[in-house]
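Colleague: For reference, the chains in residue letters:
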Amino acid sequence: MKSLRRLLHICLFTSLVTLFFSCEKEDLTEVGQTFHLRHKGADMPIWVRGNLSSNKIVLYLHGGPGDCAMCYRHYLKGLENSVAVAYWDQRIAGSSSGKVDLKTLNYEQFGEDAYYTVKLLKERYPNAKIYLLAHSFGVELAWQFLTTGDNQKMVSGLMAVNGTFSTYRWLVQVREWVLREARKQNKPEVEKYAAENPVTRENLSTYQWEKLYRHMMDLGGNPVSLYDDKAFVVNYVFATPNTALGQFTHGKAYEQYGKVEMQKFEKSALLRNIRIPVALFWGVKDGVVPVGIAHETRDLLTATSASLVTFDASWHEPFVSETDRFIAEVLRFVR
Amino acid sequence: MMSALLFSATGVRAQQLRLAYYGETVTHYGLKAGYEIPVGTRHLRNETVRKEILFAPGIAVYRHPHNHTGIVVSPELAYRRTGPRGGFYELALAPSYFRYFLAGTTFEVDETGAFRRVPLAGRNAFLPTVSLGFGKDLSVRKRAGFSWYARLNLMQQRPYNASSLLRFSLEAGIIKPLKKS
Chain A
33 MKSLRRLLHI CLFTSLVTLF FSCEKEDLTE VGQTFHLRHK GADMPIWVRG
83 NLSSNKIVLY LHGGPGDCAM CYRHYLKGLE NSVAVAYWDQ RIAGSSSGKV
133 DLKTLNYEQF GEDAYYTVKL LKERYPNAKI YLLAHSFGVE LAWQFLTTGD
183 NQKMVSGLMA VNGTFSTYRW LVQVREWVLR EARKQNKPEV EKYAAENPVT
233 RENLSTYQWE KLYRHMMDLG GNPVSLYDDK AFVVNYVFAT PNTALGQFTH
283 GKAYEQYGKV EMQKFEKSAL LRNIRIPVAL FWGVKDGVVP VGIAHETRDL
333 LTATSASLVT FDASWHEPFV SETDRFIAEV LRFVR
Chain B
858 MMSALLFSAT GVRAQQLRLA YYGETVTHYG LKAGYEIPVG TRHLRNETVR
908 KEILFAPGIA VYRHPHNHTG IVVSPELAYR RTGPRGGFYE LALAPSYFRY
958 FLAGTTFEVD ETGAFRRVPL AGRNAFLPTV SLGFGKDLSV RKRAGFSWYA
1008 RLNLMQQRPY NASSLLRFSL EAGIIKPLKK S
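These protein sequence lines map, in sequence, to chains A and B. Position 13, counted from 1, in the first sequence is what our numbering calls 45; the numbers after and before it change by one each time, with no gaps. Position 170, counted from 1, in the second sequence is what our numbering calls 1027; the numbers after and before it change by one each time, with no gaps.
Just so you know, nobody snuck in bad clues.
Here chain B is said to cover these stretches of chain A; the calculated rule only asks that three of the stretch's residues, wherever they fall, bring their Cβ under 8 Å from a Cβ of chain B:
(1) 75-86
(2) 132-140
(3) 270-278
Taking beta-carbon pairs under 10 Å as the criterion, some of the chain B residues facing chain A (in silico):
(4) H925
(5) Y957
(6) G961
(7) F972
(8) G979
(9) Q1014
(10) A1019
(11) S1020
(12) S1021
(13) R1024
Derived CB-CB ranges, DEER-like:
(14) G1002(B) with Q288(A): 54 to 62 Å
(15) A301(A) with S1020(B): 30 to 38 Å
(16) L258(A) with T884(B): 13 to 21 Å
No lab work stands behind these hints: they were computed from the structure. Nothing here was measured: the structure is a model prediction, and the numbers come from that model. Virtual Cβ for every residue (Gly too), placed ideally from N, Cα, C.
Let's have the full structure, built from the sequences with the hints guiding it.
Modeller: Written out as structure tokens, the structure reads:
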């Protein structure tokens, strides 16, 4: 009995010590803040890091869907001396947890989550201007958010990195990229496949986009692998708040999204309503979201000035392959 | 259960206390305390080899900085074989309960779209666990009155988002008998 009591005391002491160290201060001038947004079953972490006294927050909208935000801090950290960066993991992505209904994996819900994330940041940091830095799927999410109601008034600008405004136009551009590269690389069988499988609005819902995507990757559409960067991997496993194995569980949840939801995404007609400043940052060698999409985006943004910044030595993630220049371009935009 | 009955025929040893480092890696750190109750012990080869079935309830608390603080309650059933020199290996199963507390403040969106702070926000989960470990009973050669051990725990957290999450943890510590066997 005495031993059991001793064990109970050890457990209680351990719990108290651990909980004590896990408590975080509420001082908003701190360079690091962690909080969670709980909405419709999802517990989504938001990590704010960097220079909060700048009164500028760059909200990073990660790609995927199902990718992570904080994992890219390794490449975006250079921003933090000048501005604050908010790393938000979307539902069923990164380190987000909870008990989430797969039916919530749709653009409306992602847009709503983004709305509450921005709203929460504005309530927490009322003097700060918020800029969106969106990558790949994050760009789709940004257009969903910005073209809904008056949401665009909540932010001061958008930096869109290699992402699309329309699934249809994306596939058209990917096919053109594949045709061009297949000719250049002398791959007649791939060229034949792409030529025989045009993308139309009519066949969009049944189009076998995965096959086209595979050909694009085989042609070198994005040879950059983060896992080749040992510093990134070590940082990811040991020095970040990411749930290390969580990242590998998310893909399965997006099967239905890939089959049905993704094909519905179409914001072409709504881009003319965008009035906030927009910068398009593009890795020009990218086959995943070819630079043709950047040109189309710029042409559709008729009510604002959209600048196009190209990264000639980059594919899908210019912040990985041309980190320093990317950081400089982001800072130039937010200044 | 049958194994436990077979083992119980040859008597049981003293209960033991277990204290260990517990964490996913060195950066996700914590502590674990456990209590080992031998259900059955069997001696072989002139009592130089020992096989035991143990019931070992335990509790682990760890911190994943800026992510969550976790508490794992594990009612373990373990098999341990100790050799003539005191070296042992063990296999354990536990239908654990997992409670975690999210780091920082959690804001929940209410029906009106306003934010509500959630005190001690977190979730409960089922965490079935398989553990493989090894160690050395230093009392066999009279070097010291305790054992050291290390083990790898493989766990499946359910629910996690819309499915489950494979977790692992490392455990290393000592096992101290509460009285001489």
